[in-house]
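2 protein chains.
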Amino acid sequence: MTTNSLAPTGCVLLIGNEILSGKTQDVNLQYLGSQLASLGIRLLEARVLPDDKDIIVMTVNQCRSDFDYVFTTGGIGPTHDDITAQCIATAFGRELILNEDAVACLRRGSFELNEARLKMAYVPEGSTLIENSLSNAPGFRVENVFVLAGVPSIARAMFETLAADIAVGEPIRSKNIDIHLPEGDIAAPLEQIASKYEDVEIGSYPFKRDGQFGANLVIRGTDEQQLQKVLAEIVETMAELGDEATAGL
Amino acid sequence: MTTNSLAPTGCVLLIGNEILSGKTQDVNLQYLGSQLASLGIRLLEARVLPDDKDIIVMTVNQCRSDFDYVFTTGGIGPTHDDITAQCIATAFGRELILNEDAVACLRRGSFELNEARLKMAYVPEGSTLIENSLSNAPGFRVENVFVLAGVPSIARAMFETLAADIAVGEPIRSKNIDIHLPEGDIAAPLEQIASKYEDVEIGSYPFKRDGQFGANLVIRGTDEQQLQKVLAEIVETMAELGDEATAGL
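Here the protein sequences come in this chain order: A and B.
Per numbering that gives the first Met the number 0, the very first residue in the first sequence carries number 0; after that it's consecutive.
Per numbering that gives the first Met the number 0, the very first residue in the second sequence carries number 0; after that it's consecutive.
In case anyone wonders, no lab produced these hints; they're calculated from the structure.
Don't take every hint at face value.
Any copy will do: because identical chains look the same in the list, a pair fits if it lies in one copy or spans two.
Restricting the straight-line Cα-Cα distance to at most 20 Å, the calculated cross-link-like pairs of lysine to any residue (SDA-like) are [said to hold, decoys possible]: (1) 22 to 151; (2) 22 to 94; (3) 228 to 111; (4) 228 to 196; (5) 207 to 109; (6) 207 to 224; (7) 207 to 241.
Only chain A is shown next, with the shape it has when bound in the complex:
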């Protein structure tokens, strides 16, 4: 069922009341999920947390111990509700200190470097900055915790910077195939196939198009040859059930 249990594991923490209240539709998780898969990091969990210091500190400490990598988004701006840096410092038992390199980044901007903006240059002692091409305010890394912005374009730019610096596993590849039969008709033969391939994860996602029920099957794993084999077996099985399955990438 699980893909390559030796691969490094990851967890994403999306920080911000706006995601829990329904004001904001998060899009960072989908981006990070697909990027981590291509780096061979198994994203095993994501959590959406409110702007609450106790909850963030407790969760960061639990997750940095449970997973190889933790990625946070949100809460690193200049306003009172941006508390992520302080929470990470508390979680690690480190001081929040003014980082001169971060100050230099902020000075590139045209805005006056007032107290509020200077707050964005305070990071936990011993942090490595994560610069990016879109914003003068950097993210930062403390040990296995990577702290990114919440604004999607900036989160992406920061992830591109950090991706070069982390140890990765075999890329997790996937194959897609559309079956034009209702899920209930393919469930039993599909389970038989799934049970034969322990290192391959097969997901079935139902759809209804033009009044017809079908399922999009996703086959994931690190071994390209094995994925091809499973895909071929599914195509053959579905043909026997009377469907001409359409294999995608």
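Following the hints, put chain B in place on chain A, whose structure we already have.
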């Protein structure tokens, strides 16, 4: 900082490898977040979990003890990767049994009721079914845990059914206002206002439109008069800073 700490609390568990892999963009959380707010339930956390029995069981048990209500989405279909009902049964130490009312629901459909489809009528002993207008397969409730479909339209239809049956708090209202000044310029006066109103949550979300920086402020709480007062104070303060703030709903 937190809105009405006496209100019932909620947690959402989004279950499915497809959300963590980046294949699927979740939209259920935004819907549930806004619905729960209008019911006066404070959504304090959401988690995205893989199709892994141990992880789901452990998380359900932790969350049903930590929060007043837990809502899950995903994993209640007929295929091998649909394991939510079994996990909920295990978490509660109950048997997974064939529910005759659920069988009756499934019989409404035009499909043959084979073993795979019948799987959708197995729910933990003592569950209450959550019927819905879109699908013949029901969701179910065990104590404070509500189990919904992953398909967004069906999750919504199920939520509409269950919403009538849960004890709720004062609706959490919100006001929106756009400030046409960069966040760094409004952070200090905004913090002063935020620190005066403990029962009101003020969030600041930066934007850039037509090359101009600004921030959307969200004021949340249960007391309409207090929200109006905070809004007026923000508008006055921003006017002093030179901005004509645009108040929304």
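Hint-by-hint comparison with the structure:
1. 22 to 151: both (15 Å within a copy, 17 Å between copies)
2. 22 to 94: Neither: 33 Å inside a chain and 39 Å across chains, both beyond 20 Å.
3. 228 to 111: Cα proximity of residue 228 and residue 111: none, with 60 Å in one copy and 31 Å across.
4. 228 to 196: Cα proximity of residue 228 and residue 196: one copy only (10 Å, versus 62 Å across).
5. 207 to 109: Only across copies: residue 207 and residue 109 sit 15 Å apart there, 52 Å inside one copy, limit 20 Å.
6. 207 to 224: This pair counts as neither: shortest intra-copy Cα distance 31 Å, inter-copy 46 Å.
7. 207 to 241: Classified as within: same-chain Cα gap 18 Å, cross-chain 53 Å, threshold 20 Å.
Hint compliance for this structure: hints 2, 3, 6 are not met, and every other hint is.
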